[in-house]
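2 protein chains.
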Amino acid sequence: MSAQAYLQEWKQEVETATRRLIDASSMPDRLFQSMTYSLEAGGKRIRPALLYAVLDTYGRPRALGHEAAVALEMVHTYSLIHDDLPAMDDDDVRRGRPTNHRQFDEATAILAGDALLTDAFRILAHAELEPVKSVALIARFSEAAGSAGMVGGQLDDMLAEKRAGVSLSTLQSIHERKTGALLVYALEAGAILADTPLADRQALVRFGKHLGVAFQIQDDILDVEGDEALIGKRVGSDEGNDKATYPKLLGLDGAKQALEREVTESEAALAELSVEAPRLRELLDFVVQRNH
Amino acid sequence: MSAQAYLQEWKQEVETATRRLIDASSMPDRLFQSMTYSLEAGGKRIRPALLYAVLDTYGRPRALGHEAAVALEMVHTYSLIHDDLPAMDDDDVRRGRPTNHRQFDEATAILAGDALLTDAFRILAHAELEPVKSVALIARFSEAAGSAGMVGGQLDDMLAEKRAGVSLSTLQSIHERKTGALLVYALEAGAILADTPLADRQALVRFGKHLGVAFQIQDDILDVEGDEALIGKRVGSDEGNDKATYPKLLGLDGAKQALEREVTESEAALAELSVEAPRLRELLDFVVQRNH
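Top line first, the protein sequences correspond to chains A and B. Counting in the working numbering, the first sequence runs from 1 upward without gaps. Counting in the working numbering, the second sequence runs from 1 upward without gaps.
The set of hints was computed from the structure by calculation and includes no laboratory data. These numbers were taken from a predicted model, which means no experiment stands behind them. All C-beta atoms, glycine included, are put in the ideal place defined by N, C-alpha and C. Hints are supplied without guarantee of correctness; some may be wrong.
[Said to hold, decoys possible] Which residues of chain B face chain A? A few of them, derived with a C-beta cut under 10 Å, are: (1) Ala41; (2) Val75; (3) Glu106; (4) Leu168.
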């Protein structure tokens, strides 16, 4: 099977689990509609894929990871809903459909985001796991998503957009938190659930960090040279504003070299695992070769 | 000591714990400023007070409850920040100071709320407790705060404001979730931490439900006849709009009788505890006798 085929499988796993774990009967219908509108908007489900790929790699059942995978997708989705708000990026369209606040209204979008975030912890806390594992999953998840992780990265990104001359290290620190933290968490959650040796868990975290940077550089490169129809936003849309990107700071060739280095580091981390990890390697290839 | 004196003690406990548990060094300074601006805005800290009062009642150290108390206040604070946003209640002033989005900006206020909510789970997950207790605290907390609790109640409240003829049962269902759920959680968290017998935990939950309704009816009565300088908002401000309140649905006398019934039920719940609970009784008196 190819990475594409596995991605399709993992995507179905998390989408089926999401429908099972979100309880429509316990909440106002409008809230349910708004939450599921964005949850079901599709996307590659990269975070759940990374988590399931770790479980596959260690021969553990995917069912172990459903709650953590759904929680990851819920938190990723809430962050997109809030980022799209008029006070933030003010986006009208995401994945070819009206953004949540355009489809519903701003207040509903704010609350749908709040509910997705809170309910993600509810779902994770109700997973049938040894309590010590649940606590570890929740502790690391909240670190990755909170002020020291995703939210902090988002705030710094917003501040950086307002000023010129953002350095490479600032750009990296923003991406590490804004998008990298949840990618790393997906791998670490897989390691916790699969009971990997500690050295493997550390190597998976390192793999996640380099994969996250590679993912971002590839995003920036696609924005310069990608096919507009495939990536769903105007190509070059980062260029018109002052937003710092890898190609702007390093030149297009420099960005491609940086991408190559991150791929090499990612592969080195995988080589340290106590097991073969072909699915993680294929996911890496997919991330850096994707054209959208 | 009087309820007032205990409230002062509990307030200091949670405020000291908050300063200790929020780590300024791990987040952008602007995010820290915005989060602490609203966290330190004061208030009666009723939720932490209820939790500490349960620990006091069962002779358990307050230090057991610091993380849960701080998490409660963080989630309450995030809900106020998001409720005040232009797309929601559009309030410029809270507790005599500019609301968070007026003091900072809307994007920062949204992110400060998101971070307070996420970090509340981080702090709770890092409490040094038996893992099974941590999981129970987190599971119940996320239920109380999420789509089935506070966020769902807030969305229904918003929808109810737009239409006339809200029934008493709808009004109660909204308050039970919007404000009641976190009050009940404060008591239940105290019971979990104090290892009370199950019957005591159930009685504390029942106490919390009636206390929550009493709290809300008293709020509505104060809005009709309170002293403007004390409550800090225009007296009668609920009257000008179509907002459903207990006095509007039951008349002022009817509301006062309903309040009396809730107090009686609250006292009955306390009488069922396996221990004497003078501090919880005083907190109840404080809630229904307060003039602001």
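A quick look at each hint next to the structure:
1. Given the 10 Å rule on beta carbons, the hint for B:Ala41 is violated: about 18 Å separates it from the nearest Cβ of chain A.
2. Taking 10 Å as the C-beta contact cut-off toward chain A, the hint placing B:Val75 at the interface holds, the least distance being around 8 Å.
3. The beta carbon of B:Glu106 comes within 4 Å of a beta carbon in chain A, closer than 10 Å, and the hint placing it at the interface holds.
4. Violation of the interface hint for B:Leu168 is found here, the shortest Cβ-Cβ separation to chain A being roughly 18 Å, above the 10 Å cut-off.
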